[in-house]
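**Q** Line order of the protein sequences matches chains A and B.
According to the working numbering, numbering within the first sequence proceeds without interruption in unit steps and concludes at 381.
According to the working numbering, numbering within the second sequence proceeds without interruption in unit steps and concludes at 362.
Be careful, since some hints might not be right.
Just the calculated beta-carbon pair ranges, DEER-fashion [unchecked claim]:
hint, chain 1, residue 1, chain 2, residue 2, range
1, A, 114, B, 258, 17 to 25 Å
2, B, 227, A, 237, 31 to 39 Å
3, B, 149, A, 121, 31 to 39 Å
4, B, 151, A, 116, 25 to 33 Å
5, A, 123, B, 279, 26 to 34 Å
Keep in mind the hints are simulated off the structure, nothing from the lab.
The model shown is predicted, which means the values in this text are computed figures rather than measured ones.
Yeah, the Cβ is synthetic: ideal placement off N, Cα and C, and Gly gets one too.
The primary structure of each chain is shown beneath.
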Amino acid sequence: MFQRDIFIQEIIKKLETDKSIYFLSADFGAPALDILRDRFPNNFIHCGISEQAMLDIASGLALDGNNVFVYAMAPFLSLRAIEQAKCGPGLMKLPVCLISVGVGLGYADAGPTHYSTEDFSCFRSIVGSSVFTPSDVSTTKLIAQEMLNNPKFSYVRLDREILPNHQSETTANDYKKGYKIYGSIDDKKIIYISHGKMFHKCMELFLKEKDKFCCIDIFKSKPFPKQLATDLATSKVLIVVDEQSPSGNLSSCVHEGLSKLNVFPKIISKSLPEKYIFENGGRKYLLDKFGLSTNDLLEASKEIIK
Amino acid sequence: MIKLNDLENLAKKYRHDLFEKLLLIKQGHPGSIFSMMDIVVSMYHGGFIRFDKKKNEFLDKVLISKGHATAALYPILRDFGVLPASEWNNWGHKESLLRVFGNTSIPGIDITSGSLGHCIGSGAGMAISYKRKNQDKKVYVIISEGELYEGSTWEALLFAKHNELDNLIIVIDINSLIILGNTKDCLNLEPIKSKIQGLGIKTSEINGHNFNELITAFESVQKSNELNCILAKTIKGKGSSIMENKKNWHYWNPMNEDEIKKTREELS
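If we strip away everything but chain A, and leave its shape as in the complex, we get:
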């Protein structure tokens, strides 16, 4: 199931008992949203293809005590409406959750206007925001449940594709920490840190050679999970993988988060290049071409071993 449908299904469940929830869309749909609109028309608002106004409207709704979800394609919700996010939910600490769909090269068939390769760095710079990037169903559900039970200003980055589940679900305890470790951390292992779709590429390597690799799914990157610094206290090298442009991406986040807690491993950043990608070929082709194939990640580990 698509992450957006999983998230919206949780909202639908909550709407049965909580009518203070509003779901705003900038003309962006989902099968689950059709159900929400049908069953709870009073709690759905179509804002037109107007991401900026949608964020302002969301702020007004939140100022009246509502729990507001805004929903649009990632590149437009994030960059076009970022000042509205700052001045509304940011400055006024309002419970507005931005559900941003199609991060990274999710809209690979559409080209660079539709790529969302800067949203992570932009949103983690907005004061007061929480930033989430789930990689599986269980984590997506838990994020939705948190936003419903503990509403706050948050930016949730969902993939456009259906992402496969992991072998084990994210537990409440994992969720509380903000990350999940697959394998064990020790000096002999190569540690990959990632989130969302890219985490699955890291997991491919892990599942092939569990004795060589350890993978950390950091689904909550802001606030930075402090316990991760304890877990990585003796680590010497980390490979951080993110489907974003080179500046301000997950590797910056991990570096900042760890260094504030006096943990200073070498960080190898695997990200997209500093260029707008116009090539055709689909997401897999583009990731392979621009340094984010599973083999590229494996090669990065070989460099460390050398």
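Following the hints, position chain B against chain A.
**A** Chain B in isolation, oriented as in the chain A frame:
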């Protein structure tokens, strides 16, 4: 019912109070504050913003989208007792709650504003929430005409009209000046009335310094079951001959003793 003459005197008093404060803190936006003073005095002291004396709070919401002029509300809120007089007196000190731009930590200020083009959208969000909950509350949004340059303003107008937000009242303070000069010279906005009417919004045009016209306009929109927009033609810096229609008086400017004396006399 308060007399028009009393409203005029109150507006003059508030301009004077604010002038003394801005003189003290040497900052602020007197041109924009003075241009909308008569509008907000009519709204609050004309009884259009309903006040719950027991709760000491207003029932209706007022969003000053031209956040640089939010200070126009401070003396009004002080006189209603919503803003403690001590806070007004303390303005200008480091630990003061009051600022040149308003924010929601200030009693009686319903929105944090400053960046232009946000409040019709926020007001529409509040208004649709009240309507869907069947709450008898109105939202008044005051924007500057300069905010008509912002795309989000038009996005929000479309939204408000589509949703027939008859509990949302938009006032556009048209003082014809932006920082670099006259709007018609910088980037012409006219004809504003036909542009807004073209969206299907009921639009009236008044002299924003004529209390009779202001009261009549607010009475009319209160009775209306449509989304309303009032275009209030105003004078930037109204009340001070030194500031009136001067683009440089968007911000505070240093004044010599003669200018201070003259302005005090005109505002007294």
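**Q** Indicate, hint by hint, whether the structure satisfies it.
**A** Here's how the hints hold up against the structure:
Between residue 114 of chain A and residue 258 of chain B the C-beta distance comes to about 23 Å, which sits within the given range of 17 to 25 Å. For residue 227 of chain B and residue 237 of chain A, the Cβ-Cβ distance of about 37 Å falls inside the hinted range of 31 to 39 Å, so the restraint holds. At about 35 Å, the beta-carbon gap between residue 149 of chain B and residue 121 of chain A stays in the expected band of 31 to 39 Å. Restraint check, residue 151 of chain B to residue 116 of chain A: a C-beta distance of roughly 32 Å satisfies the suggested window 25 to 33 Å.
About 32 Å separates the C-beta atoms of residue 123 of chain A and residue 279 of chain B, a value consistent with the hinted range of 26 to 34 Å.
Violated hints are absent here; each numbered hint is respected by the structure.
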